[in-house]
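Just so you know, the sequences run in chain order A and B. In terms of my numbering, the first sequence opens at residue 1 and continues consecutively. In terms of my numbering, the second sequence opens at residue 344 and continues consecutively.
Keep in mind that the hints are not guaranteed to be accurate.
Stretch by stretch, here's where chain B covers chain A in the computed footprint (C-beta under 8 angstroms, at least three residues) [as the list claims (entries may be wrong)]:
(1) 12-20
(2) 77-86
(3) 146-155
(4) 208-217
(5) 248-260
With a Cα cut of at most 20 angstroms, we get these calculated DMTMM-like pairs of lysine to aspartate or glutamate [claimed, not checked]:
(6) A/Lys36 to B/Asp375
(7) A/Lys221 to B/Glu559
(8) A/Lys36 to A/Glu118
If you only want the chain A side, here are some residues facing chain B, beta carbon under 10 angstroms, derived [stated by the list, open to error]:
(9) Gly47
(10) Val182
(11) Glu204
(12) Ala295
Hints are computed from structural coordinates only; laboratory data are not their basis. From the three backbone atoms N, C-alpha and C, an ideal C-beta is built for every residue, glycine too.
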Amino acid sequence: MAVHKGRGFSCINYPIGMNLGGDPSQALVHSTPDGKFMVTLSAIDLGQGMKQVSRQIAAETLGVPIEDVYVDTADSDTGPHDMGSFASRGTHRVGNAVIQAAREARSVMLDAAAEELEVSAADLETDGKGNIHVKGAPSRTIAVADTAIAAQFRQGRTISGRGIFLIPMSDVDPDTGEMTPVSCFAHAAVVLDLQVDDETGEVEVLEVNSAYEVGRALNPKMVEQQLIGGAWMGISHALFETTEPHYPNRDYGATDFNHYLMPGPGQVVPHHIAVLERPAEDAPYGGKGPGEMCANPLLPAVTNAVYNAVGVRIDALPVTPEKILRGIKANGGARPQGQSWEV
Amino acid sequence: MASSSIEFRKELFADERPEDLNEIGKPKQRQDALGHVTGRTAYFDDHKFEGLLHMRCVRSPHHHARIRSVNTSAAEIMPGVVRIVRPQDIPNNMNTMLSIIGFGRDDEALLQDKKVAYKGEPVIAIIGETELQVRNACKVVQVDYEVLPHVLDVEEALTPQAPVVNEEYPNNTFDYHDLYDHQKLRFGDVNGAFAKADHVIEGEYQMSPIEQAPMETCGAIAAPETNDRYVCYTSTQALFFSLGLSAKFLNVSSSRLHFIGGTVGGGFGGKVDSLHEPMAVLGSMLTGRPVKFMWDRAEEMQVGAPRGAERWRLKDGVMNDGRIVAREFTGFFDAGAYTRLSSYAIIKGTGHLPGPYSIPNVAANVYCVYTNRTPATAMRGFGITAVDFAIEAHMDKVAEAVRMNPIELRILNAYRDGEMKAHRRLAKNTALIECCQVAAQKGNWAIRPEFSAMSSLQGDSAKVDIPPTVVDHDGKIGDRKRGVINDAAPSKDGQVSDKPTSTVAPVTATQAMGEAAREPARVGADTMPSRVRSAEQESMPARDLPQPPAPTPAPPPAPAVPQQSAFAAPQNTPSDPPSTPVVPSTQQEPYTRGFKRPGTSPFVRGTRRR
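Just chain A, with the same shape it has in the complex (with noise of 0.2 angstroms):
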């Protein structure tokens, strides 16, 4: 009877975006008569931050600060077409909708500041505070909301902009699979540690350190978020979930959290990430999407871990600690592995 420690690794990488393309999404950003913007999408807030890094985005390409823009989503009759949130798609596809939107927005909004000033528009820069200035003649200058109001009541101009993302779909080899699944690939690895109670079964992750390389991290803050609660998901989808505990045979299936296992907040892994940054060339800003992606390496650092600890390989998930005690069982006792490579 005893605690066995073990420790594994897993790295994965993960295609961002809908596979083969063919999704396209579009962005509507428009200015109100004093110098706010709203942006109209049809994309759907999952509770990963789709409104805000949208919002971020815009406030960025736009110069103003995001304070001074909104975003309103996913009413049909207002939002233009957009496939949807799945897939890792909706950073990628509604925020590259979004820069072009909000770059054709900015483009009306020089020339009506330019009239306003007496200046090329090309001699325009904007502060991202609320205000407009002649390059290198900060004192020549014109603020976001006076030229909004100029726009719209002397100059009879619509500060808008449109935009859309699409990436054609690819076609399929059928005998080769030949295609272009998808445009760019965040990536991961983990190093997890636990321990195995080698008399009840039961797996206790202690701690979990990771890379995550995410492209541009958007906003620091939802990243961690993301990264955070998805690793602790992937630990759970490999010790603990199932709809199916006897799958293929679908008797005892759960019907209510009492009966499908979770673990709850309390158990929340202590988890040290490392966040990289290698921005993809077709991603807004480089970001890619870390929120499907960062369960995945956890569920097979936990499996690699559970063999190094008691030398039981659980290949069929999830690790119930019945399989484990059958495993030790088999082996005549637990076997502990150690560091099996030779440095």
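Let chain A serve as the given structure and place chain B on it in line with the hints.
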């Protein structure tokens, strides 16, 4: 409890990432945070309607059964019952989800009238004044079933004597490219490499079905609007998916539907299937009143589509120094009774093989198998999570076999910029090695200096070409039923292909439909350093890599033979259909027009490449 921590390793890839932005990269608070933390954010179920009706389904207790008759007379006179909804009330009661992009054939009814193929499949719906009254009415509906033999295991379903689960796909497998009963991947010659390998390591891995478990269960509320329209508040993850499929099921113009959503109480992939919206709108059309159709937790867990189970067999050929020279996959996706999105996820999973490694010989056969269980659907990591589990569990076995540090084994085999991937596109923007190095460092897992010094930027010039590839034509649709039983694994009797190494044109992003479509992608590009290669070069060897011994000629143009579309275009149809004027849609034009013809969804009409 020890807390977690996060650090941003800005020194890595710093020259590819200018840090001169105002709003991007800043930890700005979400615009919806206040509403979320004060409990005032409105979700679909927070929209209250006077006289709201409730809808629930009578569901099959059997895995597989023919419906002889349905008797609702007792239910009709139950208190509060307003309307019994039968399959024949649904104008177009047959669909497959990806008809929206012209992929696959219609194979699933909203309500079944002939045969149920999984436990929980809906047969009849009842609309009533209160949820309790509807629950009680559902209990007294009498359905006379003739129970049929069922099959629950994927490999049992592939045997010739297995019961037919899904009449549209009588071989119990999805039809790929109108040709094969599985998706193939072939790159190089795995069997030749296995013969020369120092070790051959095999393993089998099983992923369990998993529930998405959103706090808010799936649902929709529909109500008549003025002007002969219907509003629908929905928890969907894909607004226009749900709108388009509702218009198809109900055979109405999409202009009569007004869908509102966007704020969802957790999705994780389980809210893409678009079953609630057509049911709620139908209920509203039949009663003229607001109708809510929402799953309870038991339905969410057992009737709502889970992450599907997957079974993967891996076989690696490995040299004593840890180089993996061949990897073969045999994969079985358990789609459940209907296709939903499984067939598509398999192509995604196939494109992902052999994982983030450069392996010179790769083969895979991946099957989308129908069984008598709840259809599977998307969940976080769809098409990837299970095979990543298999690959990384297998990598540990390989490391053990060659007595190698598992992290060093990964770094040794990691894919790097400019190397050819098995789906025949060059890798770019890779960062696996750096992730391994940083995780090892954080986790205090020692690796030798030569592995710490490696970089994703330095691809191997010996790995840029597409190797001569062994192909086969095993596993044609219906072969197994005809008694031609091949091993499910990739064939051992293939021949080197005489086709060009590339038959599929590379695809690049386009920024606009119609007139501006020819302009290459610019979005995001001006934040990128010039050393990042442009998308147009993706099938060409990287410039900054050492050149291979002989200069690689540009790949020959695509052959003149018609290509098989990934999207089930009829065989031998010219890929470029004669241009016919598009009739402007009138308000009452049924929305279904595009759906019955593969590849001509109204959503993508005019944007297909060919």
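Consistency of the hints with the structure:
{"no.": "1", "hint": "12-20", "verdict": "holds (count 6)"}
{"no.": "2", "hint": "77-86", "verdict": "holds (count 8)"}
{"no.": "3", "hint": "146-155", "verdict": "violated (count 0)"}
{"no.": "4", "hint": "208-217", "verdict": "holds (count 7)"}
{"no.": "5", "hint": "248-260", "verdict": "holds (count 9)"}
{"no.": "6", "hint": "A/Lys36 to B/Asp375", "verdict": "holds, 18 angstroms"}
{"no.": "7", "hint": "A/Lys221 to B/Glu559", "verdict": "violated, 24 angstroms"}
{"no.": "8", "hint": "A/Lys36 to A/Glu118", "verdict": "violated, 23 angstroms"}
{"no.": "9", "hint": "Gly47", "verdict": "holds, 6 angstroms"}
{"no.": "10", "hint": "Val182", "verdict": "holds, 7 angstroms"}
{"no.": "11", "hint": "Glu204", "verdict": "violated, 12 angstroms"}
{"no.": "12", "hint": "Ala295", "verdict": "holds, 6 angstroms"}
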